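*Asks:* What follows is the residue order along each chain.
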Amino acid sequence: MFRRKRSAEDFAEEIKMHLELEADELRSEGLSEDAARRNARREFGNVQAAQERFYLKDRWVGLDRLFRDIRFALRSLWQSPGFAATAILTLALGIGANTAVFSVMNAVLLRSLPVADPGRLVYLRTSNPPRNTGTIDSNQTFSYPVYDALRRQNRGLSPVMAYVPLSGSKVAVRYEASPEEAEGDMVSGTFFSGLGVSLIRGHGFSEDDETNHAPIAVISYNYWTRRFARNPDVLGKTLYVNGVAITIVGVAAEGFEGVEGGGSTDFWIPMQSRPELNAWGNPLDDGKTYITNSTWWCLRLIGRLAPGVTRTQAVAQLQPIFQRAAYIGLGAPMQGEKPPILSVVDAKNFPGDDMRYGNPLRILMAMVGLVLLIAMTNVVMLLTARNAARQREFSVRQALGAGRGELLRQLLAESLILVSAGGALAWGFAEMATRLLASWAKIESSLAPDRTVLLFTLGVLLFAAVLFGLAPLRTALAGGAELALKTSAATSNTNAGKSRTGRIIVAIQMALCVVLLVGGALLIRTLRNLENTPLGMQVDGLVVFGVKPNITSIPEGTAFYVRLMQQLRALPGVESVTVMEERLGSGWSDNSDMKVDGKLPDVANGSSRTVRSNVAGPEFFHTLGVPMLAGRDFVDSDTAASPHVGIINEQFAKRFFPNQNPLGHRIGPDNMDWEMTIVGIAKDHKYRSIDEEPIPMAWYMYAQIPMTGAMQVEMRVHGEPLAILPSARKALQQINPNLPLIQPMTQRAQYDTTISGQILFARLAGFFGFLAVVLVATGLYGSLSYRVNMRTAEIGVRMAVGARRSQVVWMILRDSLVLTIVGVVIGVPLAMLVGHALASSLYGVKPLDAASYLLSVLGVAMVALVASALPAGRAASIDPMRALRTE
Amino acid sequence: MATQENNDDRIALLQGTLDLLILKTLVLGPCHGQGVARLIQRQSEEVFLVDHGSLYVALQRLEDRKWISAKWGVSENNRKARFYSLTAKGREQLVQKMGEWQRLTRAMGLILEPGNGLQPEEA
Numbered sequence: 001m002f003r004r005k006r007s008a009e010d011f012a013e014e015i016k017m018h019l020e021l022e023a024d025e026l027r028s029e030g031l032s033e034d035a036a037r038r039n040a041r042r043e044f045g046n047v048q049a050a051q052e053r054f055y056l057k058d059r060w061v062g063l064d065r066l067f068r069d070i071r072f073a074l075r076s077l078w079q080s081p082g083f084a085a086t087a088i089l090t091l092a093l094g095i096g097a098n099t100a101v102f103s104v105m106n107a108v109l110l111r112s113l114p115v116a117d118p119g120r121l122v123y124l125r126t127s128n129p130p131r132n133t134g135t136i137d138s139n140q141t142f143s144y145p146v147y148d149a150l151r152r153q154n155r156g157l158s159p160v161m162a163y164v165p166l167s168g169s170k171v172a173v174r175y176e177a178s179p180e181e182a183e184g185d186m187v188s189g190t191f192f193s194g195l196g197v198s199l200i201r202g203h204g205f206s207e208d209d210e211t212n213h214a215p216i217a218v219i220s221y222n223y224w225t226r227r228f229a230r231n232p233d234v235l236g237k238t239l240y241v242n243g244v245a246i247t248i249v250g251v252a253a254e255g256f257e258g259v260e261g262g263g264s265t266d267f268w269i270p271m272q273s274r275p276e277l278n279a280w281g282n283p284l285d286d287g288k289t290y291i292t293n294s295t296w297w298c299l300r301l302i303g304r305l306a307p308g309v310t311r312t313q314a315v316a317q318l319q320p321i322f323q324r325a326a327y328i329g330l331g332a333p334m335q336g337e338k339p340p341i342l343s344v345v346d347a348k349n350f351p352g353d354d355m356r357y358g359n360p361l362r363i364l365m366a367m368v369g370l371v372l373l374i375a376m377t378n379v380v381m382l383l384t385a386r387n388a389a390r391q392r393e394f395s396v397r398q399a400l401g402a403g404r405g406e407l408l409r410q411l412l413a414e415s416l417i418l419v420s421a422g423g424a425l426a427w428g429f430a431e432m433a434t435r436l437l438a439s440w441a442k443i444e445s446s447l448a449p450d451r452t453v454l455l456f457t458l459g460v461l462l463f464a465a466v467l468f469g470l471a472p473l474r475t476a477l478a479g480g481a482e483l484a485l486k487t488s489a490a491t492s493n494t495n496a497g498k499s500r501t502g503r504i505i506v507a508i509q510m511a512l513c514v515v516l517l518v519g520g521a522l523l524i525r526t527l528r529n530l531e532n533t534p535l536g537m538q539v540d541g542l543v544v545f546g547v548k549p550n551i552t553s554i555p556e557g558t559a560f561y562v563r564l565m566q567q568l569r570a571l572p573g574v575e576s577v578t579v580m581e582e583r584l585g586s587g588w589s590d591n592s593d594m595k596v597d598g599k600l601p602d603v604a605n606g607s608s609r610t611v612r613s614n615v616a617g618p619e620f621f622h623t624l625g626v627p628m629l630a631g632r633d634f635v636d637s638d639t640a641a642s643p644h645v646g647i648i649n650e651q652f653a654k655r656f657f658p659n660q661n662p663l664g665h666r667i668g669p670d671n672m673d674w675e676m677t678i679v680g681i682a683k684d685h686k687y688r689s690i691d692e693e694p695i696p697m698a699w700y701m702y703a704q705i706p707m708t709g710a711m712q713v714e715m716r717v718h719g720e721p722l723a724i725l726p727s728a729r730k731a732l733q734q735i736n737p738n739l740p741l742i743q744p745m746t747q748r749a750q751y752d753t754t755i756s757g758q759i760l761f762a763r764l765a766g767f768f769g770f771l772a773v774v775l776v777a778t779g780l781y782g783s784l785s786y787r788v789n790m791r792t793a794e795i796g797v798r799m800a801v802g803a804r805r806s807q808v809v810w811m812i813l814r815d816s817l818v819l820t821i822v823g824v825v826i827g828v829p830l831a832m833l834v835g836h837a838l839a840s841s842l843y844g845v846k847p848l849d850a851a852s853y854l855l856s857v858l859g860v861a862m863v864a865l866v867a868s869a870l871p872a873g874r875a876a877s878i879d880p881m882r883a884l885r886t887e
Numbered sequence: 001m002a003t004q005e006n007n008d009d010r011i012a013l014l015q016g017t018l019d020l021l022i023l024k025t026l027v028l029g030p031c032h033g034q035g036v037a038r039l040i041q042r043q044s045e046e047v048f049l050v051d052h053g054s055l056y057v058a059l060q061r062l063e064d065r066k067w068i069s070a071k072w073g074v075s076e077n078n079r080k081a082r083f084y085s086l087t088a089k090g091r092e093q094l095v096q097k098m099g100e101w102q103r104l105t106r107a108m109g110l111i112l113e114p115g116n117g118l119q120p121e122e123a
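Protein chains in written order, with our numbering: chain A, 1 to 887; chain B, 1 to 123.
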């Protein structure tokens with residue numbers, strides 16, 4: 001298209017030959033060699049002009065000009081590398097931060113499940129479970145009979161699919177000789193077909209697979225990559241899940257990571273009915289699996305709206321079926337009992353993500369938005385300053401005949417270069433940042449920027465490019481051609497130095513900076529409070545891991561743990577070892593009512609009867625470093641044969657034994673004829689998470705209650721806690737070579753997981769606050785030193801007529817002080833609004849925390865002072881004579 | 001600049017007439033640019049001043065319109081030169097342009113010839 005029919009060289013050749021032909025002719029007319037050449041040339045006129053006309057003819061002039069503009073802009077930027085680098089870096093930081101946060105938001109809140117037609121998928125919810133049922137989540141989980149009834153209808157939702165994890169965390173999976181842990185779900189036979197997830201290899205499940213509890217598995221693309229290095233021969237291989245042989249029959253499409261919020265499922269198997277593969281990894285309850293136990297509401301349900309059916313219609317269709325099925329196996333509802341009500345919600349995203357990450361993400365998005373605003377105004381100020389300094393250049397070019405259009409094109413070209421370079425860097429930043437974020441936040445689903453994010457970023461970039469092109473145009477044209485005729489560099493710039501727009505922008509930046517600093521400070525103080533919260537135990541030196549032996553007999557189970565503890569205690573460097581059913585700091589707890597001395601206790605003025613309980617091993621409190629206020633710890637000699645003993649905490653004693661000595665009283669679970677005698681009272685400590693308030697607690701001795709299955713092993717060791725793990729693993733595998741250590745970590749790290757969201761949030765907010773300060777500082781420094789430069793002549797005159805240095809310094813400082821005060825006056829009320837919005841994310845800090853506000857205001861003032869001090873110092877050291885001579 | 005002597009009875013070509021002159025010149029047979037310039041100058045009895053830059057641009061324009069075609073050849077005095085020749089399309093254009101020109105000159109003549117009653121008014 002742009003190829004010319006004829007090259008410029010060919011044309012030049014033709015002209016050269018013309019000149020020679022002409023000279024020949026003139027010679028033949030009798031002129032001398034020399035005169036002939038000269039005349040031929042003169043006759044022709046301007047050879048260069050002819051060539052240029054030829055060059056311009058029929059060229060796609062626009063493109064040509066664009067290249068020329070870009071070349072020109074590059075040269076001009078190259079001449080001020082400091083300016084270009086600052087502008088590009090500022091943009092990259094601002095846009096990069098936005099792209100990163102937006103891509104997290106996009107992945108977590110906006111992106112749909114990677115399934116066919118996600119708009120027709122719904123999660124099922126219930127208003128409440130019926131009485132006497134246990135749940136995983138009182139609104140989101142259902143019993144097997146409910147699922148069974150719902151899936152048999154096909155008028156409202158078709159199909160209804162159930163999914164339930166094989167463990168609260170990860171499940172032991174052995175492949176060939178190496179045991180490890182993975183996340184696995186049991187799902188309906190219609191799971192893959194109903195969701196519309198394709199399989200890149202093998203096949204999914206059928207309804208027969210569900211009925212027959214077929215021992216087959218589909219693995220995720222990630223797991224296939226991680227564990228099998230994308231081996232195409234993976235189909236037909238055997239996984240041992242909790243020791244049960246399962247054959248891999250399929251690999252799910254890339255990007256499908258299951259429907260469990262926040263996590264990523266590694267494999268799926270059809271619903272099973274074996275005790276080893278009970279839902280949530282729970283031991284059998286009275287010999288019943290989740291299928292036969294109708295009091296355990298543990299399945300999550302997702303459904304696809306039947307064709308042509310609206311949500312309201314679907315719910316109406318299903319409601320009676322649901323309410324009938326809810327009481328299967330429970331007997332008739334009690335008089336006046338509120339029946340559970342079914343509802344459905346959008347299944348576009350992962351469930352719970354919005355609750356968990358929604359608010360912090362929206363606040364972060366707002367913060368990075370402010371950062372971007374600051375960054376953009378910075379660049380605008382830089383550009384304005386730079387172009388104001390180039391006013392003479394523009395005037396000269398206008399005087400030489402450049403049109404406004406041409407100047408605009410040049411400014412746009414410069415802006416385009418800055419924005420493209422900044423954008424490319426920003427994309428790199430964002431890629432890196434999302435990877436870091438995903439690993440910090442332990443979000444395993446992919447956060448990487450996708451096409452939506454790309455569009456978002458391109459939109460921001462386009463806006464920036466136009467803004468940066470147009471903003472300086474006014475200044476550039478303001479001079480007009482006649483400015484070139486004015487002689488004084490200094491006088492021609494005085495106006496620019498006092499630009500009111502510049503002052504307004506600086507004040508707004510200060511205000512935004514105050515807002516970001518207050519937000520960051522509040523969250524960082526929250527973080528400090530959380531980190532410094534006393535846990536009520538000596539948490540350092542503790543290491544914890546899970547063990548899940550496949551044992552069904554109670555004495556065998558007890559013997560297993562007795563032996564394990566013996567072996568672990570014998571390891572060098574180990575101070576003490578104990579076991580517990582629920583891991584401390586895992587966010588889980590077992591809550592129920594408890595009988596005291598044979599009956600449900602009376603509690604004063606309506607406080608709760610709920611007691612949190614756990615099953616613990618010998619030396620439990622000693623190992624944790626929780627002091628006993630009275631009585632004793634569990635000991636090895638507490639066995640199934642000895643009297644049953646229990647331990648309570650301070651809260652329990654205060655609430656249920658006011659003004660009595662609890663020791664010797666009997667307590668027991670509400671629904672069982674089983675009692676234990678209180679032998680000890682432990683001091684209150686943090687149990688489930690760091691930011692909880694203590695509630696009454698009771699501990700059972702593990703050897704005395706009918707339980708087998710998984711336990712958490714807690715070890716107190718000398719030195720680095722994690723260093724004990726290899727020898728602990730060896731000790732465990734001496735007993736059973738199939739068993740891995742499940743989620744081994746220090747107890748401190750385990751507690752930290754309960755505030756990891758807050759930690760991340762606070763760190764990010766702090767970082768963005770810091771980023772804002774840096775940007776405001778550079779912007780302020782840039783614009784102030786520019787203003788001082790513009791006023792060099794004025795300052796010189798002032799000093800020549802007797803102004804003292806201190807007066808000059810004060811003049812400059814006063815200027816930025818006024819701007820700071822204006823910024824603070826605007827910023828503080830805004831910050832109060834932000835603090836209010838943050839209230840739910842704060843811990844131990846009030847939204848109006850005076851210290852945070854004071855520090856932020858001081859911080860902004862410091863930045864203003866430092867950024868003005870340098871230019872002020874320079875102004876004061878101006879030699880009046882030199883300044884005047886620049887005229 | 002002072003060396004440029006202006007031959008006063010030469011006149012610059014009217015806009016748009018150069019194309020016509022080139023086409024007319026080429027009726028005689030293929031010719032190179034310098035030859036075309038000389039011919040125009042000579043045949044107009046040295047009245048027309050041909051700007052060579054414009055000439056070559058015009059040649060290129062006509063070539064692009066496929067009214068003339070060009071190829072490199074050797075001149076009578078053994079110099080390499082680009083020879084232009086008239087195409088069929090060019091011939092058609094020549095006839096048409098000549099007709100236009102004759103109509104134009106006739107109309108101009110009617111107005112400019114005395115006795116038509118159109119005299120410049122006194123200021």
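Careful, some of the hints might be misleading.
[What the hints assert, rightly or not] Now the stretches of chain B that chain A is said to cover, found in silico as 3 or more residues with beta-carbon under 8 Å:
#1 43-53
#2 91-103
[Unchecked claim] Computed, partial: chain B to chain A, Cβ under 7 Å:
#3 V27
#4 C31
#5 G33
#6 Q34
Worth flagging that the hints you see were computed from the coordinates, not collected in a lab. Bear in mind that the values here come from a model prediction, so they are computed numbers and not experimental data. Every residue, glycine too, gets a C-beta built ideally from N, C-alpha and C.
*Asks:* Taking each numbered hint in turn, which are not upheld by the structure, reported in ascending numerical order?
*Replies:* 2, 3, 4
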